[in-house]
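Chemist: For reference, the chains in residue letters:
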Amino acid sequence: MNRTACARLIHDRLGPDDLVVAGLGATGNAWQAVGPRNLTYYASDPMGIWPAVALGLALARPERRVMLLEGDGDLTMNLQSLVTIASAAPSNLRIVVFYDATYASIGRHRLPGADRLSLATIARGAGLPWVGEARTVEEAGAQFDVLLARPGPGLLAAHLEDDPSPDTPPGPWSQVEERALFMRRLAGEL
Amino acid sequence: MAPAALILQHLKNAGITLVASLPDRWLGELIERLDADPEITHVRLAREDDGVGVCAGAYLGGRKAALVCQNAGVLLAANALAGLAHHHQIPFLVLAAMRGAFDDGFYYQMYKGRVTIPVLQGLGLPHWVVEGPEHFPLIEQGARQAFFSRLPVVLLLRRRALVAEPGTPP
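Quick mapping for you: the protein sequence lines, in order, are chains F and E.
For the first sequence, our numbering gives the first residue as 737, with consecutive numbering after it.
For the second sequence, our numbering gives the first residue as 370, with consecutive numbering after it.
Since the hints were made in silico from the structure, they are not lab data.
Remember, it's a predicted structure, so these values are computed and weren't measured experimentally.
Beta carbons: idealized from backbone N, C-alpha and C, even for Gly.
Be careful, since some hints might not be right.
Stated by the list, open to error - Using C-beta positions, here's what the derived DEER-type ranges look like:
| no. | chain 1 | residue 1 | chain 2 | residue 2 | range |
| --- | --- | --- | --- | --- | --- |
| 1 | E | 517 | F | 865 | 35 to 45 angstroms |
| 2 | E | 517 | F | 800 | 20 to 30 angstroms |
| 3 | E | 456 | F | 799 | 20 to 30 angstroms |
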């Protein structure tokens, strides 16, 4: 399964009211590539903080399902965020980890411990009520359905093949402008 | 009324409904009150920069939030404060125990008292020192400054603003 196929599986399963927080670099690029319909907040630096942002958004808007598309490097940088998420336990939060064991956006350097690391095991140990893993498109499709059907917070580690990530240039709008647009759309003003 | 009870009331007056916290000895009573209050969504953090993320996410969702931690947590969260809160212009209030000044009694706290304000100045974040309960209106005023500025505002609380009992070890 490549990154874009994984993003497409998510895209095909989300409802129109679902909110997405899309991770840095390759993860967000893959989400952008599938033409998302969902209101999406795109990450910037600092790396590692986006699980906490998704948690805050999920707690602030309990009536909306929040999907965090999370890079494996980003999550590995701040593993304790899983502990905080499991503790706060918002039932509307779901996480998909795009796992290829590399820092894909910056030259595909290997993650530390990449040959032995299991983010799914860490997520279970953090106390998340549902954790799944998928290695093929077929497995991922079935597991996404479970992820969405079970109450959150849940996490699916989607194992990806070695997949080049194009280095896309920045878009026309700054994070401040994108942030204001996101909030106004969420408030129903736009 | 105990300082912690007053602080909680001022936070509510400021419209803050979500608080992320990580404990400090001086913050114990405040955190217990936050956790017990049904009007506050309280998030227990494992690391303070996650609190910057939680407060930012809450603001994206339309809620006003605060981060409660020690000043060492503000130092740790410097990159998140700059890269997320500053760069995306996301406001929230930070209440930080100002460890390491004249009112502290531990060698290992002292560096925090020396470096916190210079770091906040370097980050370009507004900050005010809360000497005691007489300064608690700064909680509403600081929150107002934060939300009008679209920036975090940091309140640095002296021991007297957080701990009521005169005989408590520092």
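Chemist: Evaluate each hint against the coordinates.
Modeler: Hints versus structure:
no.: 1; hint: 517(E) - 865(F): 35 to 45 angstroms; result: 40 angstroms, holds
no.: 2; hint: 517(E) - 800(F): 20 to 30 angstroms; result: 27 angstroms, holds
no.: 3; hint: 456(E) - 799(F): 20 to 30 angstroms; result: 29 angstroms, holds
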